[in-house]
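One letter stands for each residue in the lines below.
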Amino acid sequence: METVYKKPRLLNDVTMHYCPGCGHSLVHKLVAEVLEEMGVEERAVGICPVGCAVFAYRYVDIDWIEAAHGRAPACASAVKRLWPDHLVFTYQGDGDLACIGTGETIQALNRGENIAVIFINNAIYGMTGGQMAPTTLMGQKTSTCPYGRQADLHGFPLHITDIAATLEGTCYVTRQAVNNVANVARTKRAIRQAFQNSLDRKGASFVEVVSTCSAGWKMTPEQANQWMADNMLPYYPLGDLKVNGEKK
Amino acid sequence: MIKGTIKVDTDRCKGCNLCAVACPKKIITLSETVNRMGYHYAQQSDNDACTGCAACGIMCPDGCITVFRERL
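Sequence lines, in order, name chains A and B. Numbering of the first sequence is given in the working numbering, commencing with residue 1 and proceeding in unit increments. Numbering of the second sequence is given in the working numbering, commencing with residue 1 and proceeding in unit increments.
What the hints contain is simulated information worked out from the structure, not anything from laboratory work. Some clues are possibly wrong.
Stated by the list, open to error - Within a straight-line C-alpha distance of at most 30 angstroms, the following computed DSS-like cross-link-like pairs (lysine-lysine) qualify:
| id | chain 1 | residue 1 | chain 2 | residue 2 |
| --- | --- | --- | --- | --- |
| 1 | B | K26 | A | K247 |
| 2 | A | K248 | A | K202 |
| 3 | B | K3 | A | K218 |
| 4 | B | K7 | A | K6 |
| 5 | A | K141 | A | K218 |
| 6 | B | K25 | A | K7 |
| 7 | A | K7 | B | K3 |
| 8 | B | K26 | B | K3 |
| 9 | B | K25 | A | K218 |
| 10 | A | K7 | B | K7 |
| 11 | A | K188 | B | K26 |
| 12 | A | K6 | B | K26 |
| 13 | A | K188 | B | K25 |
| 14 | B | K26 | A | K218 |
| 15 | A | K188 | B | K3 |
| 16 | A | K202 | B | K3 |
| 17 | A | K218 | A | K188 |
| 18 | A | K218 | A | K7 |
| 19 | B | K26 | A | K7 |
Model, not experiment: these values are computed from the prediction.
All chains, full assembly: derive it from the sequences and hints.
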């Protein structure tokens with residue numbers, strides 16, 4: 001009997017603390033698969049965010065650093081400058097990357113640091129109980145905007161990935177999702193490309209993964225994937241925004 | 001003919017049902033009993049229909065599913 005698919009070796013056997021059906025666990029698995037396929041686990045350094053992925057270091061068996069809230073790109077810049085032959089990436093959520101760490105994110109990308117940034121966008125602050133995030137959609141209800149996000153009161157959703165594509169320091173900017181098998185395959189390819197760019201020192205790579213937060217959205221994982229496809233993807237369309245430094 | 005089969009790590013499964021949604025043959029169901037974490041875990045309900053396409057394994061967020069395939 002031939003084994004067609006199994007859990008990547010670099011993904012530890014511990015049960016992840018994520019809620020059932022969380023996009024974080026799926027992206028963790030993809031990161032582990034890509035690192036294993038590239039054979040770079042001995043010289044890969046990940047930077048954990050603050051947010052739901054704060055415990056990422058427990059789950060993927062490589063070296064990790066836990067950064068202060070939002071400061072992961074700054075931390076990654078330092079590691080990459082000290083160890084230029086290492087693969088350095090950050091793994092951040094929307095609250096960490098697009099709110100608390102907007103400055104660090106934009107500055108690190110604009111400096112063209114040779115790091116990969118994996119950005120999980122679930123339009124909500126998941127860990128702290130489903131508060132409004134910069135990426136929350138217009139009209140979306142959260143615990144801090146129970147009547148839905150309104151432009152005059154809360155402003156507009158932040159398109160941080162589109163901003164990243166305009167910066168001269170970025171070489172690869174893409175937006176992917178993990179709601180079905182085809183999109184998972186594309187996300188895996190995107191992560192691999194970003195990691196390769198970090199190793200090749202081509203500049204900063206930015207991979208947004210549009211994801212779900214079934215607990216924060218108060219839905220089942222299945223409903224959350226459907227809601228994401230119906231509501232988030234029209235607002236955050238999938239595809240490459242920048243490849244090899246050329247805007248699409 | 002190709003026959004597939006899956007093995008679910010029932011202790012780590014959280015019963016999110018995404019494997020069942022992804023299965024093109026719709027032969028994954030959630031168990032009646034629960035695991036030690038209190039979740040209804042995924043199980044293969046039809047032993048003959050599986051083609052070993054691995055869609056369930058790819059979609060499993062927790063990496064609980066191993067997919068095998070054999071040529072009969």
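- [ ] Please name the hints from earlier in the document that this structure breaks, with their numbers sorted from lowest to highest.
- [x] 1, 3 and 16
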